[in-house]
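Given the coordinates of chain B, work out where chain G should sit on it, guided by the hints.
Residue numbers (this note's numbering), protein chains in the order written: chain B, 1 to 162; chain G, 1 to 162.
Take the hints with a grain of salt, since some may be wrong.
[Claimed, not checked] Keeping only pairs whose Cα atoms sit at most 27 Å apart, straight-line, the calculated DSSO-like set for lysine-lysine is:
{"hint": "1", "chain 1": "B", "residue 1": "LYS156", "chain 2": "G", "residue 2": "LYS42"}
{"hint": "2", "chain 1": "G", "residue 1": "LYS148", "chain 2": "B", "residue 2": "LYS129"}
{"hint": "3", "chain 1": "G", "residue 1": "LYS41", "chain 2": "B", "residue 2": "LYS4"}
{"hint": "4", "chain 1": "G", "residue 1": "LYS30", "chain 2": "G", "residue 2": "LYS151"}
[As the list claims (entries may be wrong)] Covered stretches of chain G, as calculated for chain B (at least 3 residues, CB under 8 Å):
{"hint": "5", "region": "3-11"}
{"hint": "6", "region": "36-49"}
{"hint": "7", "region": "88-94"}
{"hint": "8", "region": "100-111"}
{"hint": "9", "region": "118-126"}
{"hint": "10", "region": "146-157"}
In case anyone wonders, no lab produced these hints; they're calculated from the structure. Note that beta-carbon positions come from the ideal geometry of N, C-alpha and C, so glycine has one too.
2 protein chains.
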Amino acid sequence: MAIKNLQDLFVHTLKDIYFAEKQIVQALPKMAEKASDGELKKLFETHLEETRGHVDRLEAVFGLVNERPEGERCPAIEGIIEEAEELMGEIQDADTRDTAMTAAAQAVEHYEMARYGTLVAWAELLGHKDAARRLSETLEEEKAADAKLTKAGESKLNKQAA
Amino acid sequence: MAIKNLQDLFVHTLKDIYFAEKQIVQALPKMAEKASDGELKKLFETHLEETRGHVDRLEAVFGLVNERPEGERCPAIEGIIEEAEELMGEIQDADTRDTAMTAAAQAVEHYEMARYGTLVAWAELLGHKDAARRLSETLEEEKAADAKLTKAGESKLNKQAA
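With the rest of the complex left out, here is chain B (with noise of 0.2 Å):
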């Protein structure tokens, strides 16, 4: 598709997006096998129910601007994931790989809020004020995930450094 203007950028980005959290919903299973950490596994096991709750968000999205949810593959999240999944393959020590798979859930948490505040902040400016609603109300849950995996990193290297 050409991208001509702002709203064809707005739904390129909805689609790269969507693509992103459906690779999202396929690797959290495997991260929340591989922890071995109680409470991280817990934690991946939620975010993977919060997203399949952001895929379902952003086809209602894609209804409200009246487009076809549709996916674009995305380098970005590929790359991301990827090395996530090296990482988890590669390290033997569980509390270290807890440590890496932690920090690479940090990595997809940060590359979503900057995905969805862009598209909050394009949304608002091109009248979608209704989907501007709903992107920014994933917005502010990857922004709690973050935070959660910030203080399970942290109880977790305080734990394995006493």
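Frame of chain B, contents of chain G only:
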């Protein structure tokens, strides 16, 4: 290199962000050249200088932890930059392209904030106090760059909308 503990993971992640910063040094001049808005062009140029400083600072951090500065391929930054370059090449309309480049640069900043945030926490825990201090200087500069991009994006969009 086999990652057996937090120190290894710290060094691995240093190499990842060192590779990433060097990729960003390659990408920013192209973005500055493509930017049609003077403020945005200036922002990319200033951030290029800052990024060169981050490369030097990372080299100092490697020295502080007795490691040789070395990059390790970072598929995440490759993906983020690939997306940025695709959009830069595709979009004909100058305002829309500027907006897309601003958003792409924010995705880069967010990736870096995630990585430096993690590195600072690990450096502190590992007792690398000087490294932690240097890394948090860069973290603050990345946050500031992101905030400037948000402001530039908003003012650009508001001008277009007016």
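Quick rundown of the hints versus the structure:
A hinted pair counts as satisfied when its Cα atoms are at most 27 Å apart, and LYS156 (chain B) with LYS42 (chain G) does not qualify at roughly 42 Å. Note on LYS148 (chain G) and LYS129 (chain B): the hinted pairing holds, with a Cα-Cα distance of about 25 Å set against a maximum of 27 Å. Proximity of LYS41 (chain G) to LYS4 (chain B) is assessed by CA-CA distance (about 21 Å); at most 27 Å being required, the pair is judged to hold. For the proposed pair LYS30 (chain G) and LYS151 (chain G), the alpha carbon gap of about 21 Å is at most 27 Å, so the pair holds.
With 6 residues carrying a beta carbon less than 8 Å from a beta carbon of chain B, the region 3-11 of chain G meets the three-residue requirement, and the given coverage holds. Only residues whose beta carbon comes within less than 8 Å of a beta carbon in chain B count, and the region 36-49 of chain G has 0; fewer than three means the coverage is violated. Remark: the region 88-94 of chain G is confirmed as covered by chain B, as 4 of its residues place a Cβ nearer than 8 Å to a Cβ of that chain, reaching the required three. Residue count for the region 100-111 of chain G with a Cβ under 8 Å from a Cβ of chain B: 7. That meets the three needed, and the coverage hint holds.
Residues of the region 118-126 of chain G with a Cβ under 8 Å from some Cβ of chain B number 4, which satisfies the need for three, so the listed coverage holds. For the region 146-157 of chain G, the proposed coverage by chain B is satisfied: 4 residues have a C-beta within less than 8 Å of a C-beta in that chain, meeting the threshold of three.
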